[in-house]
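Assemble chains B, C and D onto chain A, guided by the hints.
Protein chains in written order, with the working numbering: chain A, 154 to 497; chain B, 154 to 497; chain C, 154 to 497; chain D, 154 to 497.
FYI, nobody ran anything at the bench for these hints, they're computed from the structure.
Hints are not guaranteed to be accurate.
Note that identical chains are pooled: a pair holds if it fits in a single copy or bridges any two copies.
Using 25 Å as the maximum straight-line C-alpha spacing, the simulated SDA-like pairs for lysine to any residue come out as follows [what the hints assert, rightly or not]:
1. Lys156 / Gly360
2. Lys416 / Ile206
3. Lys339 / Ser189
4. Lys264 / Asp321
5. Lys416 / Ser491
Protein chains: 4
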Amino acid sequence: MIKAGIVGGTGYTGVELLRFLACHPEVCITAITSRSEAGIDVAELFSSLRSFIDLKFSDPAEARLDLCDVVFFATPNGIAMQQAEALIKAGVKVIDLAADFRIENIAEWEKWYGMPHACPELAAEAVYGLPEVNRDKIKRARLVANPGCYPTAVQLGFLPIIEAGFVDTDHLIADVKSGVSGAGRKAAVHTLHAEASDNFKAYGVPGHRHLPEITQGLSKIAGAQVGLTFVPHLVPMVRGIHATLYARLTEKKAVDLQELYEKRYANEPFVDVLPAGTHPETRSVRGSNICRIAVHRPQDSDTVVILSVTDNLVKGAAGQAVQNMNILFGYPETLGVSQIPLIP
Amino acid sequence: MIKAGIVGGTGYTGVELLRFLACHPEVCITAITSRSEAGIDVAELFSSLRSFIDLKFSDPAEARLDLCDVVFFATPNGIAMQQAEALIKAGVKVIDLAADFRIENIAEWEKWYGMPHACPELAAEAVYGLPEVNRDKIKRARLVANPGCYPTAVQLGFLPIIEAGFVDTDHLIADVKSGVSGAGRKAAVHTLHAEASDNFKAYGVPGHRHLPEITQGLSKIAGAQVGLTFVPHLVPMVRGIHATLYARLTEKKAVDLQELYEKRYANEPFVDVLPAGTHPETRSVRGSNICRIAVHRPQDSDTVVILSVTDNLVKGAAGQAVQNMNILFGYPETLGVSQIPLIP
Amino acid sequence: MIKAGIVGGTGYTGVELLRFLACHPEVCITAITSRSEAGIDVAELFSSLRSFIDLKFSDPAEARLDLCDVVFFATPNGIAMQQAEALIKAGVKVIDLAADFRIENIAEWEKWYGMPHACPELAAEAVYGLPEVNRDKIKRARLVANPGCYPTAVQLGFLPIIEAGFVDTDHLIADVKSGVSGAGRKAAVHTLHAEASDNFKAYGVPGHRHLPEITQGLSKIAGAQVGLTFVPHLVPMVRGIHATLYARLTEKKAVDLQELYEKRYANEPFVDVLPAGTHPETRSVRGSNICRIAVHRPQDSDTVVILSVTDNLVKGAAGQAVQNMNILFGYPETLGVSQIPLIP
Amino acid sequence: MIKAGIVGGTGYTGVELLRFLACHPEVCITAITSRSEAGIDVAELFSSLRSFIDLKFSDPAEARLDLCDVVFFATPNGIAMQQAEALIKAGVKVIDLAADFRIENIAEWEKWYGMPHACPELAAEAVYGLPEVNRDKIKRARLVANPGCYPTAVQLGFLPIIEAGFVDTDHLIADVKSGVSGAGRKAAVHTLHAEASDNFKAYGVPGHRHLPEITQGLSKIAGAQVGLTFVPHLVPMVRGIHATLYARLTEKKAVDLQELYEKRYANEPFVDVLPAGTHPETRSVRGSNICRIAVHRPQDSDTVVILSVTDNLVKGAAGQAVQNMNILFGYPETLGVSQIPLIP
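This is chain A alone, in the form it adopts within the complex (with noise of 0.2 Å):
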């Protein structure tokens, strides 16, 4: 049993990091801090939670995170960069559902996200938590940078045919959208239901701070830099991404797709390859820590389509979170991340 704390919990990340941590066989949450709800009942604030989570708030100052296990950063971007290093001194191993340690190159992280990095050694020193790419290095880490919605959904699209050195990675897209729920729960006009219900758009087009981690990612699985057309787009739904994904091929000779990539993921325990000719959809996936994908080579041209669904706030935040927390304390991978997806 180890203790858990959470800092920054009034999101949905937040809440969701409850929802799996309250059934966890072997964690104990000790602490979940927030500047504003201090004093006031997690179960106020999330009456999902009533009767499952009996805790307060407590005052980030108050709280001993230091006695913690592991301590969750359900913040947002610029607060863990400050309070990990503490933390991972005093033996606490730290898990950020932020940005702050998710690019290596540090101007590029600056230029991006708009401030000066406050911690570049650790940033330096972190592990970046796609457990299909980097389980063995987060094993041994005592930082992990647990990866963004989209570039989750992305990367582990694009993996097996960039690994396998198949397609043109000077010319990727990713055309991904994603549920309303990405933007958090904070007081917004765009995100309004009046504004956000009944319509579609793309947005960031110029640029989303989400482009650098999928470039970094894609880059090193291929072993050079790639070139990434990232276009997102905001879905009238609450939770859920989904990414189309368009390559080509540089390999002539004849390419099972379908076996390469339920091979690359046929021990992975989150990522499910669908059937040939079948297109996954986003509610699949809802509430649960599984990443599905289909791929499809269109009217046999050299474009390659893949298609990537997760849940934004599970495999693309929280549950992916809890998954790296159960290598990092070497547990089952799927300990109280196993929930069934609810349909309908």
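Chains B, C and D only, in chain A's frame:
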């Protein structure tokens, strides 16, 4: 470990039964039947179940349901009444999620359901499966009539105040709102997304099949025939029932309604009385077997307003069925049905 | 051709006023003010208006509203009461879409709106702009208090039966449901898509600001103080109000409710009484100024059920305001507000 | 004033045709046919039309469509090709909103639509009704093949850059998203609210009927056979299409794409090129005949991204049909189809 069978598992109550039973530590699902889908993998129809359920739909004629310990009917009305008797004779416990055995007055049943009843004797024996009212009878039952979705939310909402004898039971009002999944997973125009979303309407005001079921239940509680105006509405959401209940106080002395409700449900694992002055929301029970209730007396008038929410597919159908199964077989009542609601 | 100004046009009632006035053959919009958006093209904020409205938001201090023939206040509560007097003195007709002039009892207004009233004399003069009740007074008004969205749907629903004196007005019940646009276009957590969609809840049961407005209106119709239980709910849709109204018949002789309603509204251009036995749906009035009503008496009990739907932004706000403007200036009442509802 | 008939008016394109034609100052609707609904008031099926349309569905056998000036086919595929010839011989102009006359290559049509073509000669004569490409031919046509919804959004998006010869037309990509109304108003499981809402998925990746239509149109523009990867998706909204288009620049010298698009569409009443750097949203054209387009070149790479939105039922169907009718009869192109989009 008991063997469970499901008849007619291609609808929403079917997939929900599978979601709960697949996780239930004391249940092995041995058969799920469907005439139209026989031979098809369950997970092909419900992609959410891929890797969780490894079972094919079997032809009703070939499934050995008589070898089960319990059989759930997740069928349209009129099926269970034809097959339950043989199963019961074979020693199988039967839980009917349809309406065949809910109404004691056979003539009334035949009027509302438009067909002759195939098995009136069993209807007389069946126990109405609302544990908060009939727990002891359920324990000894051979056949459980699982309550309808509206009737569950309405009866649990009215129960304490009618038991206490505080209100005029001749003029009860139940203004009830349901998500679209209540209409089932069958092709129809009026429940298309393009028809039902961004829209709200009442329906069935002249008469709805759940009216006699609710009236029967409330009358038993009241010990006399009640008068009820019941108005169902269709909400553009997938899951959830919200009952707004109105009753006029007859008890003139000061009544602590909050205390009344809290006491009545103090030991009920699936009924949660909210703090005074609050409003339950349907998503606070999404995917869970909980009914949350708040009781109000606006402007200190003599009209009491009770708000009661459930997930229509869980406490209003499959979850309550598993709860009833647990009672029938002596398992802890929450076993396998204690999932945390999904927010957001 | 008259000159119209709009104060505070950045909300949903603002964009709706623009939609109607831009098509109105007798209106020229000369100014729309917004402190925060001054200098910005209206069509930049509301992309729907590109190519239809060629106007910039102007600073309230610089707009010459006194040169308008009519000024609409589409502002938060508390603004119009500070500016209306000067405009009226300048000969401008004023239509306030907020609540400043809706309640005659100033103490009551101050209690519900939580501020001192800046202009009680004008509140005494203002005409409550429900044409179906006050058409003649509106014709001669200088200041029109445009009714709230809930009050419009509830009053039109109850009007004929209360006028006829057929019901117990001490115990009226209005169970009312509104789309999320009723909360306005302002950043807030509880109306985020990720919070409000796929969810349903009541709110304000202990007390809602529209209660005194409705009670005042119904009491005038009844000729005596009425008792009303008013329960608003939030529906996961953008537009639309559905009022489900309950009243107990006191008139024992046979009453033809259908005929009563049809006669009362026979000459009303914007009230449509549906055939007996039917149920109006909110989308049937989407984008239009129509109120559709059906009247039921289920199971021949003495409880009457009236269903009344409007578009909260149109008949419940901007459309009714233009209807009032037409009355004020002697135009045909439907001029510029006869758009066909949008289905699907 | 011309006489218009509608064949098969019980679907969404039917109700939209009625919405536009009912307001059109030069049109009198003389007949609307439906085998299943003959004798029923149009307004009984579409409550939005109550008080706007006073017409009954008539039996196709009895309607005197030959007396019309123009007949719209809002029927499933395969109907118009059987009836158009007789009408045209009677001097009636025919506008087919289905796909019968969209594909010139009859063998190709028969392959994708799975039936023999009943009238290849007419298919050869028919004019493809995309006014921005074929305006002059439409003026002289007897039979207009109204474009599909996806094809309209995709062709208008690609048109300027392909005409200019700036891109590699062998590897075009159209990642397109549609609201659920695109599937029509017919009973089906996959478009139920409980299935399609809060969900997102691709479909038809191996092949979709709009692929040959788009390819034919783009090839004509390019003057050579183009290669297109076309991936449609289903969005949980009612109306709207969003096409995200990708093309690789071949022109190495500096190209001002913004200017190219603005110039090409400068005189088009229904195509709106947005300012550089912006993103159109589907609701900005809801209920209107406008197509809004933005063009991007992210990170100055050689991949161009074009965003194109329409209302699938208007510019993608009924609105464009009325636009074509206006062209056929010499009316101003916007007559009766200049409604302002509905936001929110």
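To see whether the hints hold, each was checked on the structure:
Taking the closest pair of Cα atoms, Lys156 and Gly360 never come within 25 Å of each other, the shortest separation being 39 Å inside a single copy and 44 Å across copies. Within a single copy, Lys416 and Ile206 get their C-alpha atoms only as close as 40 Å, which misses the 25 Å cut-off; across copies the closest is 22 Å, which meets it. Taking identical chains as interchangeable, the C-alpha atoms of Lys339 and Ser189 lie at most 25 Å apart whether they share a chain (13 Å) or sit on different chains (21 Å). Taking identical chains as interchangeable, the C-alpha atoms of Lys264 and Asp321 are never at most 25 Å apart, the minima being 28 Å within one chain and 33 Å between chains.
Taking the shortest alpha-carbon separations for Lys416 and Ser491, only the intra-copy value of 22 Å comes in at or below 25 Å, while the best inter-copy value is 36 Å.
When each numbered hint is compared with the structure, violations occur for hints 1 and 4.
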